[in-house]
Amino acid sequence: MIIKGKVYKFGNDINTDEIIPARYLNTSDPEILAKHCMEDTRPGFADLVEPGSIIAAGHNFGCGSSREHAPLAIKHTGIACIIAASFARIFFRNAINIGLPITESAQLVDRIKEGDRISIDLDSGKIDCPGGEVLSVPPFPEFMRAIISRGGWLPYLKGL
Amino acid sequence: MGMTLTEKILARKAGVEVLKPGDFIEIEPDLGLANDITAPLAITGFRKAGGKTVKYPERVFLVPDHFTPNKDILSAEQVKILKSFAEEYPGIHFFDQGEVGVEHALLPEIGAIQPGMVIIGADSHTCTYGALGAFATGVGSTDFAGFLLTGKAWLKVPSSIRVVFKGDLQNWVTGKDLILNLIGKISVSGARYKALEFSGPVIDALSIEGRLTMANMAIEAGAKNGIFRVDQKVMDYCSVKAHQDQFNFDADYKTESEDYERTVEIDVTGLRPQVAFPHLPENVRNAEDGRQIKIDQVVIGSCTNGRIEDLRLAAEILRGKRIAKGLRCIIIPATPRIYTQALNEGLFTVFLEAGAVISPPTCGPCLGGHMGILASGERCLSTTNRNFVGRMGHRESEVYLASPATAAATAVTGVITSPEQVEAVPGNRITKGDARDY
Chain A
5 MIIKGKVYKF GNDINTDEII PARYLNTSDP EILAKHCMED TRPGFADLVE
55 PGSIIAAGHN FGCGSSREHA PLAIKHTGIA CIIAASFARI FFRNAINIGL
105 PITESAQLVD RIKEGDRISI DLDSGKIDCP GGEVLSVPPF PEFMRAIISR
155 GGWLPYLKGL
Chain B
23 MGMTLTEKIL ARKAGVEVLK PGDFIEIEPD LGLANDITAP LAITGFRKAG
73 GKTVKYPERV FLVPDHFTPN KDILSAEQVK ILKSFAEEYP GIHFFDQGEV
123 GVEHALLPEI GAIQPGMVII GADSHTCTYG ALGAFATGVG STDFAGFLLT
173 GKAWLKVPSS IRVVFKGDLQ NWVTGKDLIL NLIGKISVSG ARYKALEFSG
223 PVIDALSIEG RLTMANMAIE AGAKNGIFRV DQKVMDYCSV KAHQDQFNFD
273 ADYKTESEDY ERTVEIDVTG LRPQVAFPHL PENVRNAEDG RQIKIDQVVI
323 GSCTNGRIED LRLAAEILRG KRIAKGLRCI IIPATPRIYT QALNEGLFTV
373 FLEAGAVISP PTCGPCLGGH MGILASGERC LSTTNRNFVG RMGHRESEVY
423 LASPATAAAT AVTGVITSPE QVEAVPGNRI TKGDARDY
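From first to last, the protein sequence lines are chains A and B. Under the numbering used here, the first sequence has 112 at position 108, and the numbering climbs by one with no breaks. Under the numbering used here, the second sequence has 388 at position 366, and the numbering climbs by one with no breaks.
Treat the hints loosely; a few may be bogus.
[As the list claims (entries may be wrong)] So the derived label-pair ranges between C-beta atoms look like this: (1) B/Pro300 x A/Thr31: 46 to 54 Å; (2) A/Gly155 x B/Asp226: 28 to 36 Å; (3) B/Pro300 x A/Ala110: 25 to 33 Å; (4) A/Lys39 x B/Glu310: 41 to 49 Å; (5) A/Met5 x B/Arg69: 52 to 60 Å; (6) B/Tyr111 x A/Gly119: 46 to 54 Å; (7) A/Gly56 x B/Leu374: 51 to 59 Å; (8) A/Pro55 x B/Gly348: 45 to 53 Å; (9) A/Pro143 x B/Asp45: 40 to 48 Å.
[As the list claims (entries may be wrong)] If you want a taste of the chain B side facing chain A, the calculated C-beta under 7 Å gives, among others: (10) Ser163; (11) Ile208; (12) Ser211; (13) Tyr215; (14) Lys246; (15) Ile315; (16) Met393; (17) Phe410.
[As the list claims (entries may be wrong)] Computed list of lysine-lysine pairs in BS3-like fashion (alpha-carbon distance at most 27 Å, straight line): (18) A/Lys130 x B/Lys77; (19) A/Lys8 x B/Lys35; (20) A/Lys162 x B/Lys93; (21) B/Lys77 x A/Lys162; (22) A/Lys39 x B/Lys343; (23) A/Lys162 x A/Lys130; (24) B/Lys93 x B/Lys74; (25) B/Lys35 x A/Lys162; (26) B/Lys316 x A/Lys162.
Rather than coming from a laboratory, the hints here were simulated on the basis of the structure. The C-beta atom is built at its ideal place from N, Cα and C for all residues, glycine as well.
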């Protein structure tokens, strides 16, 4: 699975309240959630995102709450993948469970700038950066690729 | 090599002799919970997956606490989903208004949590139950849907960090100050993916409520779970329901230092009341460093600090005083039982005469839900657990985290204030020792 897209950069410790403020959690409609994604930390983000884009972030992305609304909101803005130096554990679980591919690279965020276009091959774990540099991340194990391609953990379980 | 407390509980549940960090296990948790925010997504997932039966309804706890009493139509619809689901699958525990309290205060109080249990919750502060010697961790709605369907969950065994608290605790320094101090030292990602095991003479002397406060904020250091040894205090607290097959806690919980990834030692002698400044729980300073900071609102409550000991501590400071002009003070007993207890002990009179308002049990303002939202530029000092940007309201508002004693002292002066700077008036039922001595 290859994802090519424009990069949006974020820093360290991006928390779930920044990703989707709790005041919008009186619904679980992903389209409504997506409209408010990153609203407090980067107003207007949801309107900017080109479908198929990639978030590149620093350490501990998704820290805070267990709300699955956070990866759902990101996914429904059109973001196709998140690559962070590290993820908070509940966020990592939730993203995979809803079929949003995410992976860890400690180098990426420092090698690229906002708006760069990169490509990541989840099967081989190769990231092609601007200027020809290639970074490696652990390839997705087969079962995780299957979860992603079926759209999440529950569809995956149903298909077993 | 032995196993840590967390590894022992998980090994027992997984039915294996030995587990080590990094091992994956599939287990059947003893209890799973979700709230009015996370359960609707899980129930939708359950239905989409073609769910026809709930595997273990009696293990399922649905606690609508975040936006209740329902703040608007959308919230009411969410709670209705929980209620209908509980009616559809008898055995599920559902708590309606009048019974419901903040989930992590409510479940220990009703005896649902017992030592040695493995618990998953679709709420990040599920780690609170580690105070009672359970393995408890936050998961997402899809994981919870999987639990509804199959009764199962998968977990990766975390490595453990042991934190040893030693020395002499000063007056007015509480479990909240200990955990804030630790997060300040190891950062909001210092225990990411790991277990935090709390021990030492200071912990032995700490009340169950103080320990619940500490375990509650393990997630704020990124931890998978926080855990405490089971001692007599825990056994007494949990005696409401005898555990069916108990550990031999003394023997099983004895571990050697090499079993831990690392040990953090904290000498609390001289530790001052702590405050986490905006916008991360790791921005911890001494309360007196905030003397110049004017506060618009104080909140005393939540799964972190809404228990009876917390309210008594606040009352000790507020008794016979007035809340500062121009400051709002909102007090939220975390459960109906705590509410009744505070009423019967005369604490409400203290709060009302001081000029505070008393809210029904709810998570409400902690997550910017309702019952005390901040305007732009406003500052709140709160006994809750998170101070992220926009957490309690407008993105240009600020949240400072502290203990109920510091919160009450701040409410009286209007600026961030260490409790010993305000003269306390012990009530009939409380002495300084009692408030921290379960």
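Hints, one by one, checked against the model:
1. Between B/Pro300 and A/Thr31 the C-beta distance comes to about 28 Å, which lies outside the given range of 46 to 54 Å.
2. The beta-carbon spacing between A/Gly155 and B/Asp226, approximately 50 Å, falls outside the hinted interval of 28 to 36 Å.
3. For the hinted restraint 25 to 33 Å between B/Pro300 and A/Ala110, the CB-CB distance of approximately 27 Å keeps it satisfied.
4. Under the hint 41 to 49 Å, the C-beta atoms of A/Lys39 and B/Glu310, about 43 Å apart, fit the expected range.
5. A/Met5 and B/Arg69 have their C-beta atoms about 28 Å apart, which leaves the hinted 52 to 60 Å range violated.
6. For the pair B/Tyr111 and A/Gly119, the supplied restraint of 46 to 54 Å holds, since their beta-carbon distance comes to about 50 Å.
7. Under the hint 51 to 59 Å, the C-beta atoms of A/Gly56 and B/Leu374, about 57 Å apart, fit the expected range.
8. With their beta carbons about 48 Å apart, A/Pro55 and B/Gly348 fall inside the hinted range of 45 to 53 Å.
9. A beta carbon spacing of about 22 Å between A/Pro143 and B/Asp45 contradicts the range 40 to 48 Å that was offered as a hint.
10. Look at B/Ser163: its Cβ gets to within about 4 Å of chain A, closer than 7 Å, so that hint holds up.
11. Interface restraint check for B/Ile208: the shortest CB-CB distance to chain A comes to about 12 Å, outside 7 Å, so the restraint is violated.
12. The restraint placing B/Ser211 at the interface with chain A holds, with a minimum CB-CB distance near 4 Å, inside the 7 Å limit.
13. Below 7 Å, beta-carbon pairs count as interface contacts, and B/Tyr215 has one with chain A at about 5 Å; its hint therefore holds.
14. Taking 7 Å as the C-beta contact cut-off toward chain A, the hint placing B/Lys246 at the interface holds, the least distance being around 6 Å.
15. Interface hint at B/Ile315: violated, since its Cβ lies 21 Å from the closest Cβ of chain A, which is beyond the 7 Å cut-off.
16. The restraint placing B/Met393 at the interface with chain A is violated, with a minimum CB-CB distance near 12 Å, outside the 7 Å limit.
17. Annotation: interface hint on B/Phe410 holds; nearest CB of chain A at approximately 4 Å, less than 7 Å.
18. Of the supplied pair hints, the one linking A/Lys130 and B/Lys77 is violated, its CA atoms being roughly 41 Å apart against a limit of 27 Å.
19. Between A/Lys8 and B/Lys35 the alpha-carbon distance is near 43 Å, which puts this suggested pair outside the 27 Å criterion.
20. Distance restraint check for A/Lys162 and B/Lys93: the Cα-Cα separation of roughly 36 Å exceeds the 27 Å cut-off, and the hinted pair is therefore not satisfied.
21. Our distance criterion of 27 Å between C-alpha atoms is met by B/Lys77 and A/Lys162, whose separation comes to about 16 Å.
22. Distance restraint check for A/Lys39 and B/Lys343: the Cα-Cα separation of roughly 46 Å exceeds the 27 Å cut-off, and the hinted pair is therefore not satisfied.
23. A hinted pair counts as satisfied when its Cα atoms are at most 27 Å apart, and A/Lys162 with A/Lys130 does not qualify at roughly 30 Å.
24. Taking the CA atoms of B/Lys93 and B/Lys74, the gap is near 31 Å; set against the 27 Å cutoff, the hint is violated.
25. With a CA separation close to 26 Å, the supplied pair B/Lys35 and A/Lys162 stays within the 27 Å bound.
26. Straight-line distance between C-alpha atoms of B/Lys316 and A/Lys162 comes to about 55 Å, which puts the hinted pair past the 27 Å bound.
Hint compliance for this structure: hints 1, 2, 5, 9, 11, 15, 16, 18, 19, 20, 22, 23, 24, 26 are broken, all remaining hints hold.
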